[in-house]
Amino acid sequence: MRVFLLLLVGMAVEIATLVAVGKSVGVLATVGLLILGGIIGSFLLRREGARTMASFSEALRTRRAPHQEVADGVLIAAAGVLIIVPGFVSDVVALFLLFPPTRRLVSRGLARRAEERAATAVLNRQYGRPPTAGGVVVDGAVVEGAVVDVDVQPRPANRPELA
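Numbered per numbering that gives the first Met the number 0, the sequence shown spans residues 0 to 162.
Just so you know, these hints were derived from the structure itself, not from any lab. Accuracy of the hints is not assured; some may be wrong.
FRET-style restraints, in silico, Cβ to Cβ [to be verified]:
no. : residue 1 : residue 2 : range
1   : 7         : 113       : 22 to 32 Å
2   : 73        : 140       : 22 to 32 Å
3   : 3         : 32        : 27 to 37 Å
4   : 24        : 123       : 27 to 37 Å
5   : 45        : 119       : 53 to 63 Å
6   : 22        : 124       : 46 to 56 Å
7   : 119       : 73        : 14 to 24 Å
8   : 140       : 114       : 39 to 49 Å
With a cut-off of at most 25 Å between alpha-carbon atoms, the simulated SDA-like pairs for lysine to any residue come out as follows [stated by the list, open to error]:
no. : residue 1 : residue 2
9   : 22        : 77
10  : 22        : 91
11  : 22        : 92
12  : 22        : 38
13  : 22        : 70
14  : 22        : 32
15  : 22        : 7
16  : 22        : 8
17  : 22        : 33
18  : 22        : 43
19  : 22        : 34
20  : 22        : 10
21  : 22        : 11
22  : 22        : 12
23  : 22        : 2
24  : 22        : 35
25  : 22        : 0
Source: prediction; values computed, not measured. All C-beta atoms, glycine included, are put in the ideal place defined by N, C-alpha and C.
Let the hints inform the model, and build the full structure from the sequences given.
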């Protein structure tokens, strides 16, 4: 549901931005800016993708874990999808992801969030969920009572055997 809502809001923002830019500079200039953004984005996408692939290969060659390179690759792929989507907001976000310093910031933030979620998952697995997580705590009266232990009848020893 969150993803659907995010996509819906994103589409509305893109359309509103396109209409505002179209009213301000004209339809032809708006289309030209969209095409220019796509060209610049595809150039940066190709360059940063090749750079990330080279650093990934270097990390494997030196037997170093390519954590940052994999994260860069995922963010560059996300930028590629955003470049394809027509609109100014998606182009700005894609360029933000293609620019190495800002991509590192996003990568660190995502890694920190993943570590927090993993730590929470481990604690939940070891000690159980907190009482209010995922449910409702109902306060009510405690009924005092005694436990009645009912003995189960023992099975007869001379049961017929199944063939």
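Hints, verified against the model:
1. 7 - 113: 22 to 32 Å: For residue 113 against residue 7, whose Cβ atoms are near 26 Å apart, the range 22 to 32 Å holds.
2. 73 - 140: 22 to 32 Å: Cβ of residue 73 to Cβ of residue 140: about 53 Å, so the range 22 to 32 Å is violated.
3. 3 - 32: 27 to 37 Å: holds, 29 Å
4. 24 - 123: 27 to 37 Å: violated, 52 Å
5. 45 - 119: 53 to 63 Å: violated, 38 Å
6. 22 - 124: 46 to 56 Å: holds, 54 Å
7. 119 - 73: 14 to 24 Å: Distance hint for residue 119, residue 73 holds at roughly 22 Å.
8. 140 - 114: 39 to 49 Å: Cβ of residue 140 to Cβ of residue 114: about 43 Å, so the range 39 to 49 Å holds.
9. 22 - 77: The given pair, whose Cα atoms are some 30 Å apart, is violated under the 25 Å limit.
10. 22 - 91: holds, 20 Å
11. 22 - 92: At roughly 22 Å apart (the allowed maximum being 25 Å), residue 92 and residue 22 satisfy the hint.
12. 22 - 38: Given pair residue 22, residue 38 holds - Cα atoms ~23 Å apart, limit 25 Å.
13. 22 - 70: violated, 39 Å
14. 22 - 32: holds, 14 Å
15. 22 - 7: With a Cα-Cα distance of about 23 Å, the restraint between residue 22 and residue 7 holds, given a limit of 25 Å.
16. 22 - 8: Cα-Cα ~21 Å, so holds.
17. 22 - 33: Holds. Residue 22 to residue 33 sits at ~15 Å (cutoff 25 Å).
18. 22 - 43: The given pair, whose Cα atoms are some 29 Å apart, is violated under the 25 Å limit.
19. 22 - 34: holds, 18 Å
20. 22 - 10: This hinted pair holds, its Cα atoms lying about 18 Å apart.
21. 22 - 11: holds, 17 Å
22. 22 - 12: Holds. Residue 22 to residue 12 sits at ~15 Å (cutoff 25 Å).
23. 22 - 2: violated, 30 Å
24. 22 - 35: holds, 19 Å
25. 22 - 0: Cα-Cα ~33 Å, so violated.
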